[in-house]
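S.K.: Since each chain comes alone in its own frame, lean on the hints to assemble the complex.
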Amino acid sequence: MSDARTVAVTGIGAWLQGAPDWPALRGVLRGERGLDDAAPSKPAAAALPAAERRRAPEGVRLAVEVAAQACAAAACDPATLPCVFASTYGELAITDYVCATLAHAPLELSPTQFHNSVLNAPAGYWTIATGCTAASSAVTAHHRSFAAGLLEALALAHAEHTPVLFACCDVASSGPLATMTRTTLAFGTALVLSPLASNGARVHWSLREGRASTLPPIALALRVVASDNPANAHALALLSALAADAHATLALPLSTGLSLAMEIAP
Amino acid sequence: MPSRIEPLAITRYSATSALGRGLAEHLDALRAGRSGLRINDFSCAQLDCRIGRVAGVESVALPASLNHWECRNNRLAWLGLQQDGLLDAVARSVAAYGATRVALVLGTSTASISTTEDAYRRLDHGHFPSDLSRPEIHTPHSLAAFVADATGIAGPTLTLSTACSSSAKVFASAERLLRLDLADAALVGGVDTLCDSVLFGFNALELVSKQACRPFDIHRDGISIGEAAAFALLERAAEAPRAPRLVGHGESSDAHHMSTPHPEGRGALAALDAALATAGIAPDAIDYVNLHGTATPRNDEVEARLLTRFPSHTCASSTKGFTGHTLGAAGALEAVFTLLAIEHGVAPPNLGCNEPMQEAAPWLALHPETRDIDIALSNSFGFGGNNACLVFARGGAA
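Those protein sequence lines, which keep their order, are chains A and B.
One gets this note's numbering by counting positions in the first sequence from 1 and adding 1086 to each.
One gets this note's numbering by counting positions in the second sequence from 1 and adding 37 to each.
Here chain B stands alone, though its shape is the one from the complex (with noise of 0.2 Å):
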């Protein structure tokens, strides 16, 4: 087991999703448990789904000094930029500590396909057609190279795109540059839009439901998709000792299939086992779980096998019917949920179920419930059998 770390301060955080731009509106929907999915008018075809799609992304303008950056997904991010003050809060960060001193780490499983995607039905003889040849943005690097220059960022700069736990694993990366001392401060976070990529082809692994999701219902049948995108400021907890905490993360492997579950959890539960180890704490210590919660069978029967491991008075949810699943946004997104729920103590409710399975029941929240939340646990678990999980503390709690 890997052994305990010294807790980092969440300076900022926001997030921006079908629930709207940044925490006060996200918080707003939590509360009333209303949900941002609606019927798809995205794709390029008739899909029969619900999507998280953000609104007005389409009418968002860069900079013109960061136009050559132009596609959706850095529309997005621009976007979430704006909010809650996290450009003000990075541009401290960068002068304070200077540009070198200060990490970006960001996931996304598809960055800027969708323009690549756009290239291709309008190819010209071949070629993709010239406001699109911008060979920068048809990569998977495209988020982050550009968040970089929006931000004058300068220290070490990388991409984790492990599919649906890119985003968690940003903050355990992160974590670690500040840990060897090779960063102050780290801007983490995740953004993935809609694009035809995602919504046919988990249409093709019959993974999508046609109803808004319905994680941990027995008649759950599939995931809905959006897109978010959602970052974090991580300094010394020395520097913010009111900030609530990242305490403690976990990474691991199922080594089962490339895209179902291991039966038993197995990597899910490591995952857990080693969060828990380096946050030094007990499955009873942690008040609330933002679940992965998908909604499809496979990966909410497994993962209501894993609420056993805690006590009866921890609650737990999954906001997947809030926003839908954000796919390489989705650790970010709910760590930032997760931390709304330490910062207003409020459950966000697990939206979208009637008839919770048996197994799971005890634990679920179905409304927004009022309480004390002091340390609470996120899981992400990805493609690939790729798994993290996240926890968080209240400032001064751990």
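Chain A with its partners taken away, still in its complex shape (with noise of 0.2 Å):
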């Protein structure tokens, strides 16, 4: 990878019911634990004021406790932190209630409900509960969109020398949109990325024309989510790789002729 450039991966969150933290997740991914069925079945965003977190919606509350346990673990202001939120079908629930009341009562939308609607509504929610001003953005690209919203954080951490935050989120779908989308899971991963920091594992990362590779077998409590939506078998074979603290090299699907392809290093 000689046109490869290089970022750390400095803080890591996840959330998903039975491994609500990225300690939790590690020890799945390496088989050295299972899901915790006692585990809380909603994430706590407990970086939402109390107020806001009652009004978000499900996706918002696991984008905020996802980018939270990532800026911590990084030990970074996410005031200033650029931000990059990324999901395959936005906020599921929303949609389906949305087109649900538009086909009975037009008139009796809730706006609380529209504005949620939005798929930067994780950013929105985000910025304002930790008075970040930097850019913020919502990256989709239907079952690339991990690899993209990962793209546009990396393009924007390289371009402009900084360290981003990256979260890729997706919610169980509801009523009849479900037939069309399937997910049937919440899981959401962040990453703290930086160009410049020492600490933490490398990715070294570049554009390659061709097929992605095949993902790695995954551990069993994860298959579920892994085939759940292919946004989440992506989040998951590259945290696998993190986690497994070795070497490792993975190629994601990124557009119909390019994969995004990782070096990953402890």
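Calculated directly from the structure, the hints in this document are not laboratory data.
As the structure is a computational prediction, the values presented were derived from the model and not from experiment.
Cβ atoms here follow ideal geometry from the backbone N, Cα and C, with glycine treated the same way.
Don't take every hint at face value.
Unchecked claim - Here are the simulated distance ranges between beta carbons: (1) B:248 - A:1193: 15 to 25 Å; (2) A:1299 - B:129: 29 to 39 Å; (3) B:133 - A:1089: 32 to 42 Å; (4) B:186 - A:1190: 31 to 41 Å; (5) A:1135 - B:96: 46 to 56 Å; (6) A:1299 - B:167: 48 to 58 Å; (7) B:129 - A:1300: 51 to 61 Å; (8) A:1271 - B:173: 40 to 50 Å; (9) A:1166 - B:294: 15 to 25 Å.
Unchecked claim - Far from chain A, some chain B residues (derived; all Cβ distances over 10 Å): (10) 348; (11) 381; (12) 402; (13) 433.
M.R.: As structure tokens, then:
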């Protein structure tokens, strides 16, 4: 990878029911433990003020939870950190609510649910909660949303010589829309990526022509969430490599002709 | 503050909106001060407002090979791609640089949600009707995936969806991809179509005017919603020395409120300062500002305060009175208005404003103004306090 650029992963956040933070998920990925049945069924999202937490939809709480975990692990101040939030579908339960309401009683559409329906709701709530005035973005690319969002974050980090917060989150679909989307579990990942830091795992990355590599096998306990949504599988492939504390290579699908190739070094 | 960037050439651009199809019809309307707004004849239930509807979207047919992408938003995108030689220019870039060296970064706020709405109106025992059982169009990436398929672009392909700043931010994202040599060219743009979600959603937020919107008027009382497709092809400046340039961009977050701007315009000002820094210019170099100017009481009040940053020779206008607020397409559409202003020496008038706010009046172009415009700026501010500001210049001017 002669044309590769290098970032350090200085903080990781993750949430899945049964593995509500990175240390827990890392243990599952390493095969050292299973999912914890007693773990909370909803992300705590403690970074949101109580009133906002009540109004915030599930995808926002998930994104805020993993983003806060990653920033805490990286010991960096979210207020100055540019952020990129990716999602395959956005807030599916709200899309279902909006479409169902419009079909029956369009004039009864809730204004709060409407502004919560935008794909940048996580970025909005996050920047408000943390006082972040840096650039914030919301990226989607269907089944390639994880790599597309990661590329946007990496490009921002290298072009502006700044650490960047990247998060990728999806929630379960509901209602008739579920027949088109089929995601059944909430899962989120966040990474603080720094082109400057000397701590954390190193990721050497570049764009490569051709198909992505076959993803490595995943811990049994995570097969459902990995098969739920390709963005989850891609996130878990990178997290597996980071959890292993060993040298690994990975190529995730980015576009019809490119993959995002990564060499991960502990 | 960010450092200065290398300007990029805008080798082709176009827009399709309520004003018509392609640049010539837009320029005619701008010069004549002719609005494209009309009485709402779109929503599924009565809603007393004006809309910026693109004529003839219903009769656009996608080529058979692309028919699985069929939906109103992709039809409007296809109509937009037909104008001003865009498809040919993209095909030349794909041939010259290679398909994987051309990036595609598009903005949209609702993508093809109107088709998902339609499916919910026509549910068959709780299931989508068979003609709409196409998972790829019920995602927010439907637009960019369709355009990639239609153009053969195979480089980095992503959708930015930050509400009303979406298709301004695509210019910044694409500039970074070219700066880092991750692509040699990028097709950027935005497409959003009228749909019940936004008509009834903004209505629920009490942000929709019953009249045609009146940006910066003391009696302004809300937005008019519109639809548009706008695109620009970005390449390195050396490829086209005479083409207009993207010379700066700035992005910021308000960190204030989901649906109202920061009262002092803190985020908007930060985006403006970053854009000027990346362009390496001071505010007095700006000849024209295309304002976000939604005609909500709050937006225009905050944005007017920003105008005090500019000298008296800078003129400014919102073009929402022509097209309505085209939401996720607004950034790219208004980038096109800004480029037309530079290339044709005309400052578009701030249509719909009869009694200008005192704070904005010294800068507002109330009638079409013929003047040299070398450097111009375009503001876009979205829900969630998401701000973007772009700076464009005449080829060779900056």
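S.K.: Check the non-interface label on residue 381 of chain B: least C-beta distance to chain A beyond 10 Å or not.
M.R.: Residue 381 of chain B clear of chain A: closest Cβ-Cβ about 32 Å, beyond 10 Å.
S.K.: Mind verifying the non-interface call on residue 348 of chain B? Its CB should be farther than 10 Å from each CB in chain A.
M.R.: Residue 348 of chain B is indeed farther than 10 Å from all Cβ atoms of chain A, at 26 Å.
S.K.: Are all C-beta atoms of chain A more than 10 Å from that of residue 433 of chain B?
M.R.: With a cut-off of 10 Å, residue 433 of chain B remains clear of chain A, as the shortest Cβ separation is near 25 Å.
S.K.: Taking the Cβ atom of residue 1166 of chain A and the Cβ atom of residue 294 of chain B, is their distance within the range 15 to 25 Å?
M.R.: holds, 20 Å
S.K.: Measuring from beta carbon to beta carbon, are residue 1299 of chain A and residue 129 of chain B in 29 to 39 Å?
M.R.: Holds - the Cβ-Cβ distance for residue 1299 of chain A and residue 129 of chain B, about 33 Å, lies within 29 to 39 Å.
S.K.: Return holds or violated for the Cβ distance of residue 129 of chain B and residue 1300 of chain A against the range 51 to 61 Å.
M.R.: violated, 36 Å
S.K.: CB of residue 1299 of chain A to CB of residue 167 of chain B, is that within 48 to 58 Å?
M.R.: With a Cβ separation near 36 Å, residue 1299 of chain A and residue 167 of chain B fall outside 48 to 58 Å, so the hint is violated.
S.K.: Assuming the hint says 31 to 41 Å, is it satisfied by the Cβ distance from residue 186 of chain B to residue 1190 of chain A or not?
M.R.: holds, 34 Å
S.K.: Per the hint of 40 to 50 Å, is the separation of the Cβ atoms of residue 1271 of chain A and residue 173 of chain B within bounds?
M.R.: violated, 21 Å
S.K.: Is the distance from the Cβ of residue 133 of chain B to the Cβ of residue 1089 of chain A consistent with 32 to 42 Å?
M.R.: Cβ of residue 133 of chain B to Cβ of residue 1089 of chain A: about 21 Å, so the range 32 to 42 Å is violated.
S.K.: Beyond 10 Å from every chain A Cβ: check whether that's true for residue 402 of chain B.
M.R.: holds, 30 Å
S.K.: Tell me if the beta carbons of residue 248 of chain B and residue 1193 of chain A are separated by a distance inside 15 to 25 Å.
M.R.: Taking Cβ atoms as reference, residue 248 of chain B and residue 1193 of chain A lie about 20 Å apart, which means the hint holds.
Checked against the numbered hints given earlier, this structure breaks hints 3, 6, 7, 8; the rest are met.
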